[in-house]
Amino acid sequence: YGLSFYLTYLVHWPEYFKIAESSDGRVMGYVMGKSEGYNEKWHGHVTALSVAPEFRRLGLAGKLMAGLEDVSEKKRAYFVDLFVRVSNDVAVALYKKLGYTVYRRVLEYYSGNSSPMFEQDEDAFDMRKSLSRDPERKSMIPLEKPVRPEDVD
Amino acid sequence: FILQQNNKSDPRERRLKAIYDALDAGNNKKAIQEAEKVLRKEAGDSLCAKALRALALLRSGRLDEATAAASEVERVDTSEESVLQAMTYFYKESHRLDRIAAMYERAVQQQPKSEDLLTSLFMAHVRVLDHKKQQLTAAKLHRLAPSKNPYYFWSVMSVLMQATECGGELASKMLLPLAAKMAEAFRDRMNAEAEVQLYLMVLEMQERFEDCLATLDGPLSSLLSPQSTEMTRQQRMGYLEKLGRKQELADARWEDLTTEPNDWARWQSCIQSSINADISQGGDYVEADPRLSELQSRMDAIAAEHPGLSGPRLARLELMRRCPVSCRPETALSLMRSYFEAFASRPAVASDLLQFRSLLSETDENSSPAKLLELIRPGLPEWPKAAADADRQQLVRDLTARINYEQLSRGLLNKPMDAEQRNAKIAELIQAYRANLLDGLRPTEVQPADDLLLLAVSLHYDAWLVEDAKQSETHLLQALYLLDEGLSGSPSNYNIMLWMIRLFIALGAWTPASNLYERLDVKQILLESVGFVLSRQVARCGLLSQGLVMLNNTAMFYKNNWRDIVEHLCTAYRIGNFRKVPELVALTDRVSSSLESVFCGLELRHQSLLLSGPNIVEGVYEMGAPPESSSSAESPQPAFDGLVDGRDFRLVREFRSDLLAATADASRLLEDERAWLLYRSLGLRCVSHLTRMATEMASTGSVTKQADAARALKQQLMEQSAGSTGDSLPAFDIEPHPCLPYPACLPAHFAAGSQALLAPAIDYFLNLLPPSTDNSSAGVADASSIDPLLESFDAQLAAVEVINADGGSAATAPVEPLFGQQLQRLSCLCESVCLLSLVHELTAVALAGKLAMSKKQRRPYETFCRTVRSRIGDRINRAATALEALEAVWKAKIGQAWTDADGQEETVGVGGDDGGQPKRRCRAKVDELLCQSRCRCLGEMLNLLRVKARLSETGRAGGAS
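Protein chains in written order, with the numbering used here: chain P, 1 to 153; chain V, 1001 to 1961.
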């Protein structure tokens, strides 16, 4: 991301930044997010979660996500949500393990770019996990039909 | 672009909307047309249309017209919001933030009671970091709207920032007490967390930490939000530390630790504060101090309670490191051993342990690094083998344990192996690598076995570092072949790509290196930490035009970001996130003092100067890097002090601590860079001064005004070369760490004769028009005055012709056997050709007046120019011939690698043992890439030389396109 993107988050939602550093001071991973929405849609959102390749399999992603969920709990959010490429089965499996379910599919959410790995447009899963303020897990009930990106609120 | 519309039905608004729409759509041409249409209809009195036209012109890159259009708007004082807004965009995009404030100052004079205009004025001051004017404007806003807290606290924050900026007594005796008084006056009216935090910031700066604690515990704490609990806890501990309340701090740290017993930062703070608290109670620790053993038991208890966590166990080693009296090497060995045995199958265990290498004994065999390896060796799993039915998780665990062991052993043993051991180890690693490639990984995932391949690459690299081997490409090539194999199995492994960039550059192949750099997707903030892997190579690869693009991108990144950061600063004020204000201001400082930014900016100017000939000023300006005063001879040499080095030398993982040590000395590394910047900027100043001398001669017939500065520059050149030829700067020094510049740029540049032509060029122009003997006209120097300049060039050319004589075979030993080194020499030769060409062109500029005289009078000047032209032309042609011959050698090799590969068998020994040999196809691919890239480099340099040769033939002054 551009510096400006990070700064927007840092100025508006500094509490949502978490960084994991190794014992010898290298950055192992980070998470950033925000809170938004009204009434029962007031929720925490995971904007980026990243773990460096050499520090995978240490449970860092779960740790970072727990931190973000904790902040969202304290902000009395109803749920936490995130978007992930449908092809990213490793990430989808990780989020499922952490208690997230696919709430809906968002068509062509990711536009193709110049990178040879992501030339095509791709759908996203919008995954959600209810927090304690939504004990009946209403926010996690999956939608049947996919939505267009412009219809995502 | 936010459209300001009040009345859509108004025909004037409708017409303006068409301009806004075109701008929004990025159709600047249409926006200009629409604006001109409005101006025709309204007889040119729509200020808003004028401002929008200026903006559209700017966005179309028509700078002169844009500036003219903007100054037309500036002549009218207005408070019309749409005009002010359009001009704000104009100034932001033309990097003239100071003008925004001046514009709103005038607008506010017209409407002093407008809250909106004052707010815009406040933000305009924020953008240029004018804290004093911020304060005054915020005060006016507060007087206008006394019930609105934010305005009041904007002014408190502005006072605080003045104090931060000026420091000293003015801050402590005046500004901070003022800020505190202002905040305290509003204590009862505080209604937001931001206001409490601002109050705390003031108290912190006044070092009133007791008051800080009291505030956290007092009624104002009710305004702190639940999500800030973590932050306030850290704040509280920070205050205790400042107050020296050591025991309380230690207790708080331990309590903090219990909630996150695997948090390394908490462990470090906890250990340090416990040591401090103990020592403050009763002197330094002695051996077998009961307080120490109590601390150890406390740590052991946490480790026992959480057997799965690595933090508590590693913390025991950390205690030893921080408190050497507690360190017995045999205990360290046993702790390290049990740590390894417990967590071997987890990633990064080797780097965890290697930090504590110094705790082991170098002398006692029983607690030496070798002993540790010997002890853990038997517990290792066998080398796994990936098979369809294998338990993948178990396989990755076993593989990780082996990798950890190999990495640990490289770091602990810390010295190169002999050739036999090394070859055996490479074979073992590569065989294990090939046996453990996993199927079905996403292209974004890396193969766990890659680390084995990378270790084998390091071993080849070690072999190259050994004296004598440095002069051969063999080991570098072997490493590259393996890396190519690795990349095909792990297309997104950045460690593999970084290694390849480094090795391709060492082998003089810019194109594949630059393709890999693209593939790494280095952009945005990565330019600061990673960009150096390529930006440092532009000067030595001879591809000026490609390098320019890269340097320009980086320079623009820094320039645009400065502007973006101040916009976020405005947001921080607007939403009241005062904690971020000083951080963002510090970030603007950080961006301006970035080494990478200064390096790329300077290199960009240098390269464009050489490429473009006398039209330098426009040439450089077009690329968004206006020539700064630093390039003029009259202004003092910039010191390049206070630069911040953001290069990340840990990008390429290395475990040998003797190699790591090379990156540890940050001040030496920065000093090396500074030496390069001084050297480059002196070169730049000399070149641009030559232009100035020629211009003066053209207008006055002498160099009286520029002569002193020229002599001063020459003196600096001499001092520089005297300081650079000593033993301290050996030619082609190779930095041992794989992340450091190879070879060190500056010594290699000196050795290659770069800048050797500058002093004779200055002399040449100083003597070009000798004072006249008969007072009527000045004479012209003897044509031999160019000899010293040409002699310097000949020396450089001779070294290149030696490379050429070798022609890739072994007839004569070339000066530099590695092509990467040859390329640097060739790049310097190209720089010199550019300079010769510039001297030729400037000769014509300097003598322009003389050449316009009557036929008889101008004859000696014409003869002189002809001689200079032919002699310079001759040199450039000779250089081109040398390059052509070299190019022919490499051209003949194109395609050969594949033909050779077809004739070879893949090396496979008994039982499928390939001895770690590279794959045939990787070998052929890399050889071919190298060959093609070398041809391309030589071809591009040759093109440049031909352009310069043509210019000298026609005698046409002007820039090379």
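Hints should not be assumed to be uniformly reliable.
[Stated by the list, open to error] Keeping only pairs whose Cα atoms sit at most 20 Å apart, straight-line, the calculated SDA-like set for lysine to any residue is:
no., chain 1, residue 1, chain 2, residue 2
1, V, Lys1559, P, Tyr6
2, P, Lys63, V, Ala1265
3, P, Lys34, V, Ala1194
4, P, Lys18, V, Ala1265
5, V, Lys1092, P, Lys96
6, V, Lys1092, P, Lys74
7, P, Lys74, V, Ala1265
8, P, Lys18, V, Asn1191
9, P, Lys74, V, Met1231
10, P, Lys18, V, Ser1225
11, V, Lys1559, P, Lys75
12, P, Lys75, V, Pro1307
13, P, Lys75, V, Gln1197
14, P, Lys75, V, His1306
15, P, Lys75, V, Gln1268
16, P, Lys74, V, Glu1193
17, P, Lys74, V, His1306
18, P, Lys75, V, Ala1265
19, P, Lys75, V, Gln1393
20, P, Lys74, V, Gln1235
21, P, Lys18, V, Gln1235
22, V, Lys1559, P, Tyr1
23, P, Lys63, V, Ser1228
24, P, Lys74, V, Leu1224
25, V, Lys1580, P, Gly2
26, P, Lys63, V, Pro1307
27, P, Lys96, V, Gln1393
28, V, Lys1523, P, Lys75
29, P, Lys74, V, Lys1523
30, V, Lys1523, P, Lys96
31, V, Lys1523, P, Tyr1
32, P, Lys63, V, Lys1580
33, P, Lys18, V, Gln1268
[What the hints assert, rightly or not] Derived contacts from chain P toward chain V, CB cut-off under 8 Å, selection only:
no., residue
34, Leu7
35, Thr8
36, Arg26
37, Glu54
38, Phe55
39, Leu58
40, Met117
Since the hints were made in silico from the structure, they are not lab data. Heads up, the beta-carbon is just placed ideally off N, CA and C, and yes, glycines get one too.
Here is how each hint holds up against the structure:
1. V:Lys1559 / P:Tyr6: holds (17 Å)
2. P:Lys63 / V:Ala1265: holds (15 Å)
3. P:Lys34 / V:Ala1194: holds (18 Å)
4. P:Lys18 / V:Ala1265: holds (13 Å)
5. V:Lys1092 / P:Lys96: Violated, at about 46 Å.
6. V:Lys1092 / P:Lys74: violated (39 Å)
7. P:Lys74 / V:Ala1265: Violated, because 24 Å separates the two Cα atoms, which is more than 20 Å.
8. P:Lys18 / V:Asn1191: violated (28 Å)
9. P:Lys74 / V:Met1231: holds (13 Å)
10. P:Lys18 / V:Ser1225: It holds: about 18 Å lies between the C-alpha atoms, which stays within 20 Å.
11. V:Lys1559 / P:Lys75: violated (37 Å)
12. P:Lys75 / V:Pro1307: violated (33 Å)
13. P:Lys75 / V:Gln1197: Since the Cα atoms of Lys75 (chain P) and Gln1197 (chain V) sit roughly 18 Å apart, the hinted pair holds (cutoff 20 Å).
14. P:Lys75 / V:His1306: violated (30 Å)
15. P:Lys75 / V:Gln1268: Status violated; Cα separation ~30 Å.
16. P:Lys74 / V:Glu1193: Distance of about 15 Å is within 20 Å: holds.
17. P:Lys74 / V:His1306: violated (27 Å)
18. P:Lys75 / V:Ala1265: With a Cα-Cα distance of about 26 Å, the restraint between Lys75 (chain P) and Ala1265 (chain V) is violated, given a limit of 20 Å.
19. P:Lys75 / V:Gln1393: Outside the cut-off at roughly 38 Å; violated.
20. P:Lys74 / V:Gln1235: holds (19 Å)
21. P:Lys18 / V:Gln1235: It holds: about 17 Å lies between the C-alpha atoms, which stays within 20 Å.
22. V:Lys1559 / P:Tyr1: holds (17 Å)
23. P:Lys63 / V:Ser1228: Holds: Lys63 (chain P) and Ser1228 (chain V) sit about 19 Å apart, inside 20 Å.
24. P:Lys74 / V:Leu1224: Status holds; Cα separation ~12 Å.
25. V:Lys1580 / P:Gly2: holds (18 Å)
26. P:Lys63 / V:Pro1307: Between Lys63 (chain P) and Pro1307 (chain V) the Cα gap is close to 18 Å, so the pair holds against 20 Å.
27. P:Lys96 / V:Gln1393: Given pair Lys96 (chain P), Gln1393 (chain V) holds - Cα atoms ~19 Å apart, limit 20 Å.
28. V:Lys1523 / P:Lys75: Between Lys1523 (chain V) and Lys75 (chain P) the Cα gap is close to 34 Å, so the pair fails against 20 Å, i.e. violated.
29. P:Lys74 / V:Lys1523: violated (35 Å)
30. V:Lys1523 / P:Lys96: Judged against 20 Å, a Cα distance of about 32 Å means the pair is violated.
31. V:Lys1523 / P:Tyr1: At roughly 9 Å apart (the allowed maximum being 20 Å), Tyr1 (chain P) and Lys1523 (chain V) satisfy the hint.
32. P:Lys63 / V:Lys1580: Judged against 20 Å, a Cα distance of about 26 Å means the pair is violated.
33. P:Lys18 / V:Gln1268: holds (18 Å)
34. Leu7: holds (4 Å)
35. Thr8: Since chain V brings a Cβ to about 7 Å from Thr8 (chain P), closer than 8 Å, the hint holds.
36. Arg26: Holds. Min distance 6 Å.
37. Glu54: Cβ of Glu54 (chain P) sits 6 Å from chain V, so the hint holds.
38. Phe55: Since the shortest Cβ distance to chain V is 6 Å, the answer is holds.
39. Leu58: holds (6 Å)
40. Met117: Holds: closest Cβ of chain V sits about 5 Å from Met117 (chain P), inside 8 Å.
Taken one by one, the earlier hints fail for this structure at numbers 5, 6, 7, 8, 11, 12, 14, 15, 17, 18, 19, 28, 29, 30 and 32, listed in ascending order.
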